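Participant: Which chain is which? The protein sequence lines are F and V, in order.
Note that numbering that gives the first Met the number 0 has the first sequence beginning at 0, numbered continuously upward.
Note that numbering that gives the first Met the number 0 has the second sequence beginning at 0, numbered continuously upward.
Because the hints were derived from the structure by calculation, they are not lab data.
All values derive from a computational prediction rather than experimental measurement.
It is possible that part of the hints are untrue.
Just so you know, same-sequence chains aren't split out, so a pair can sit in one copy or run between any two.
What the hints assert, rightly or not - Quick list of in silico lysine-lysine cross-link-like pairs, DSSO-like style, CA-CA up to 30 Å: (1) K309 - K276; (2) K309 - K219; (3) K42 - K232; (4) K55 - K232; (5) K285 - K118; (6) K141 - K232; (7) K42 - K238; (8) K199 - K238; (9) K165 - K42.
2 protein chains.
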Amino acid sequence: MARAAGAVARLSGVSRERFRQDIYPLREPVVLKGIDLGICTTKWTVDYLSQTAGDKEVKIHVSPVPQMDFLSKNFVYSPVHLSHFVIDLQVIKSSFRVLFDFPRTLPFDVFVRRAAEVKHTEYFISEDEKYYLRSLGEDPRKDIADIRKQFPSLAKDIQIPEYFEKEQFFSSVFRISSAGLQLWTHYDIMDNFLIQVVGKKRVVLYNPRDAPYLYLSGTKSEVLNVDNPDLEKYPLFMKARCYECSLEAGDVLFIPALWFHNVISEEFGVGVNVFWKHLPSECYDKTDTYGNKDPTAASRALQILDRALKTLEELPEEYQDFYARRMVLRIQERAFSSSYE
Amino acid sequence: MARAAGAVARLSGVSRERFRQDIYPLREPVVLKGIDLGICTTKWTVDYLSQTAGDKEVKIHVSPVPQMDFLSKNFVYSPVHLSHFVIDLQVIKSSFRVLFDFPRTLPFDVFVRRAAEVKHTEYFISEDEKYYLRSLGEDPRKDIADIRKQFPSLAKDIQIPEYFEKEQFFSSVFRISSAGLQLWTHYDIMDNFLIQVVGKKRVVLYNPRDAPYLYLSGTKSEVLNVDNPDLEKYPLFMKARCYECSLEAGDVLFIPALWFHNVISEEFGVGVNVFWKHLPSECYDKTDTYGNKDPTAASRALQILDRALKTLEELPEEYQDFYARRMVLRIQERAFSSSYE
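The following block holds chain F by itself, in its conformation from the complex (with noise of 0.2 Å):
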């Protein structure tokens, strides 16, 4: 397990105003308690949300085990490999290996009853399969997620704590998984309010410093497991420094961008959360509908990097080495903040 940093903060009955000037500044997690959510605390139960929300179709992922594998994904998404995955799957169970989620299609009704359930009669893969909701806009290449339009129904149950300018929203995503579903450690590029309505969470983040030690693969880390991590496999995980909180019912979790978070439902859960701009509109890259695409300065300067490798390539290998070390010096020297210890 990555070397344990703290806890989160739990502050009671911040007002936005006492927010925006002594926390937000920070830029460091914290757990808000007793924040007037408005109804959704009492009125949310599975009853109640799939008689409100009806069959409309949703997008969900449907998971074997608790831990749900991007790395993997790909491998669901065609009936040929199908086949191969109800050999493997034996496998995995038997040796218990962690993989893959499994994105389908369920009426919303039948989804949320299903989230509830530990045990199904119907299922896609097991009796035992989690399943996970993150709403999306209509039209998920063009449109944002906004429970206000694709749920309206419920959205006017709940209260968002508005603690930004409204020109910052960027938007607001329904969340409801299955109990024990763990979703991997990722960054998201907007500041977030993780609103849990119903059920407890455990959130397990990660400060954007300690980045080199999380094996990232886009804005994902490679490292699933993160109480019990492969230490061969991850060796620099062991430098990670965690910051774990729990979240009640009630309870609303400020992650500010670039913070890697882990979050594992620990019972059937029901959340919405916003995400908001902390940097100036014109940074953000303008088709990117789910708030994890690196500002355009910060793609910009990738592509421009790769350019500088593909420039190394002509020198040999020793030569490319030697400027590679001496480019990270000069990375190091010039980017990396010093108010870094």
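Position chain V against the provided structure of chain F, taking the given hints into account.
Facilitator: Then chain V, alone, in the frame of chain F:
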């Protein structure tokens, strides 16, 4: 002191063929003993050198202390600073701090006699100042040092081991230094035979992959005192693995391009070093007369990197730091050699 990695191999009577087939491809330093260097090894006394090369003006370095310091080099160029320099020198000498070298001009015969004596009756700074010659082309901005051109009467005495193709030849540099003089740790971009004709030297070398621990300023290390480094100021220097060797008169040290070397003249020393091209000619900067400008692809890569870092500056510090770390990860993945541990 840096970690000792071991001694440099010493091999006797290595032929051109053996060197090219078995030694050169390893890209590691090696001391070649018993190579026929011609009559110079017995003929080059102080009297002979000064009589033969005469009173040709040479540009030399004069240092008040054994360790030459490139960091404060500019300090003594102007006469205005010279008065300050005299005052500062007292401070320096009394506090045993290591400081600057002193570029001046002398007739060659006067220079050789001064370099060979320990106490001077005539001097620039102090009676125990140290002298150093690194010969240059006629116009150092355009011409490359070649002992055959600048010191033809001495060049005929030395038989340079041409263990490379004629077209690979870059320069031959005449080097004379006072006993005790220490040349800062630096790398050259050409392959190098350091031919020790008179006197003893100690050479401390570092593998190019230890560049991150050497506190580089361009091609030079800021850690001047390699035997007793200031570890408060240079903590990472501890990680650099040093390779050491002693050179006796008649020895030839092969220093592969990019290998860092620190040269200590234990006695009055006379040597010649030959640089030759390891890479195809077109890889090198056409304006490089010293053999220490980075290969053009490397310079371009570093320039492109600077543009990437400039782009990152559009973002606030915490984002810059984060994406700088991601850039470092990308460089490590793509350009670090996998043949190193």
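Participant: Would you mind marking each hint as holding or not holding in the structure?
Facilitator: Verification of the hints:
1. K309 - K276: Answer is between; shortest inter-copy Cα gap is 23 Å, intra-copy 34 Å.
2. K309 - K219: both (25 Å within a copy, 26 Å between copies)
3. K42 - K232: neither (45 Å within a copy, 62 Å between copies)
4. K55 - K232: neither (43 Å within a copy, 65 Å between copies)
5. K285 - K118: The answer is neither: 42 Å in one copy and 74 Å across copies each exceed 30 Å.
6. K141 - K232: The answer is neither: 38 Å in one copy and 53 Å across copies each exceed 30 Å.
7. K42 - K238: Neither, since 43 Å and 61 Å both go past 30 Å.
8. K199 - K238: within (28 Å within a copy, 47 Å between copies)
9. K165 - K42: within (27 Å within a copy, 88 Å between copies)
In summary, the numbered hints that this structure violates are 3, 4, 5, 6 and 7.
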